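Those protein sequences? They're chains P and R, same order as listed.
Residue numbers 1 to 213, in the UniProt record's numbering, belong to the letters of the first sequence in order.
Residue numbers 1 to 213, in the UniProt record's numbering, belong to the letters of the second sequence in order.
Treat the hints as calculated values from the structure; they're not laboratory data.
Just so you know, these numbers come straight off a predicted model, no measurement behind them.
Check the hints yourself; a few may be wrong.
Since copy identity is lost for identical chains, a pair holds within one copy or between any two.
As the list claims (entries may be wrong) - Straight-line alpha carbon distances no greater than 30 Å define the calculated DSS-like cross-link-like pairs of lysine-lysine that follow:
id: 1; residue 1: 190; residue 2: 19
id: 2; residue 1: 190; residue 2: 111
id: 3; residue 1: 190; residue 2: 162
id: 4; residue 1: 69; residue 2: 190
id: 5; residue 1: 130; residue 2: 69
id: 6; residue 1: 130; residue 2: 190
id: 7; residue 1: 130; residue 2: 19
There are 2 protein chains.
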Amino acid sequence: MSTQRGLLIILSGPSGVGKGTVREAVFDNENCNYIYSVSATTRSSRPGEVNGEDYFFISREEFENLIEKDALLEYAEYVGNYYGTPLAYIEENLQAGRDVFLEIEVQGARKVRERMPEGIFIFLAPPSFKELETRLTDRGTDSQAVIMERMERAREEIEMMKDYDYVVVNDYVPNAVSKINAIIECEHLKVERIVDRIQQDIQDYFVEGAESR
Amino acid sequence: MSTQRGLLIILSGPSGVGKGTVREAVFDNENCNYIYSVSATTRSSRPGEVNGEDYFFISREEFENLIEKDALLEYAEYVGNYYGTPLAYIEENLQAGRDVFLEIEVQGARKVRERMPEGIFIFLAPPSFKELETRLTDRGTDSQAVIMERMERAREEIEMMKDYDYVVVNDYVPNAVSKINAIIECEHLKVERIVDRIQQDIQDYFVEGAESR
C-alpha cells in the first residue's frame, strides 16, 4: 500500500488577526503531527534561535542561488534581508506522507497558491472588523493613523479571502485550532485521496481471495 | 445577519458496513444538533414506534399523492410497502439553518444526488473486504452463497464511491463518528459559506463606522 501524499496547509490572514498565536497553539498540541515549514533567511540568528528549527540561516549568496534555481516556493525581502520558503523541505515531507503547515502573510500565500494550487488554504479572519481595530489598538504600538491604514489593508486582504478554501474566525484560539484540525482531518477523507486504497483492497480480496478459496 | 443554510448530509455505504450503528452513535452524542431526516412509509407502525420520530406513517393514498406532487426526494417499494424521504421536512430544516442527516442505502443516495447535488455525500466503507465478509458471516443469518452475492453487490456499490465527497472507514464506531463530525464542521468553514457574512461586517465597519467616527 503506497503512502498517501501529505497535505500542504497554508494559514494566512490579515496583520493583527493572530496567525502566529494560532499556529503556535496548533503545534503546542501534543497530538499534532504536522511538519512546520521552516523558512530560510539571510538575517543573523538571534540568541536562542536554532538553525533548521526557527529558520534555516543561510548566506545571501546561498539564498540568491536558491532563487536562481527556482527552489523557493515564495520569497520576499524585508529591511535588507531575504525570507523565503524552501521547496525541497516541503516536497520531501509531502512525499513521505506528512502534512506540512505553512503560516504566512497574505501576499506570500498568493504566491504559494500560484505554485501549489493543491494546497489547503485557510484564511484566519477576525471575529469582526471592530474587534480587529480593538486588537491593533490594544497592542499600543501604532498611532491611530497607522491603525486606520492597517484596517484599510485588512479590507483589501479580506478581498483575497475568496481565493481561499476555508475561513476560520479567530474568536478564541482553542476554537480556531480545533477548526483547523477538523479541516485537515476532513481533507484526508476526500474520496479522491482514498479511492485508490479501496480499489486495491477490492482487487486483493477478489483476485487473491479467489485463489485461496 | 441572515442564517447560513443548513447542510444536507447523506451517509451511505454497502449493506453490512454498519450505517445504522454509526448513525445511531452520531445521534447518541449529546452535543449532536443535526436533524434526522424522518422517512415516510405506508407500512404499519410497530409497537414502540413513534409517528414523526421513527417514521411518518401515512396511507398508500397519501404516499402516492406525494409521489404525484414530486414531494419526495427519493422513494422505493419493498415487500408491498412504500418508503420515501419527504422533501418538505428537509427543506424547512435546511432553510432554518439546521443540518439534516440522511442515512440511506446506495441506490437511494444516487437518487438524492441527482436531486440535491449540493448535499455532502459520505460513503461508509468497511475496513477491508475481508472484514466485511467476516461481519456478514458473524451475523449468522445468511448462507455462504448469499454472503458471496452480498460481497459482489458491495463491490458494485463501492464502484459508486467515486461519486461521493468523502469516504469514512468504519474501523471503530467512535472513530467513524468523529470523522463524520469533522467533515460537517469543515464543510461549514468553506469560504463560499462564510464570505457573505464577512463582506457584511466590512460594510458595517467602514460605512456605519465612518458615520459614527
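Taking the hints in turn, this is what the structure says about them:
For the identical chains of this complex, residue 190 and residue 19 are neighbours both inside a copy (26 Å) and across copies (18 Å), given an alpha-carbon limit of 30 Å. Taking the shortest alpha-carbon separations for residue 190 and residue 111, both the intra-copy value of 25 Å and the inter-copy value of 21 Å come in at or below 30 Å. Proximity of residue 190 to residue 162 under the C-alpha cut-off of 30 Å is found in both arrangements, the shortest distances being 21 Å within a copy and 10 Å between copies. Taking identical chains as interchangeable, the C-alpha atoms of residue 69 and residue 190 are never at most 30 Å apart, the minima being 34 Å within one chain and 35 Å between chains.
In the homo-oligomer, the alpha carbons of residue 130 and residue 69 never lie at most 30 Å apart, since the shortest distance is 44 Å inside one protomer and 49 Å across protomers. For a Cα distance limit of 30 Å, the shortest separation of residue 130 from residue 190 across copies, 23 Å, qualifies, whereas the shortest one inside one copy, 36 Å, does not. In this assembly of identical chains, residue 130 and residue 19 lie within 30 Å of each other by CA distance solely inside one copy; the values are 18 Å within and 45 Å between copies.
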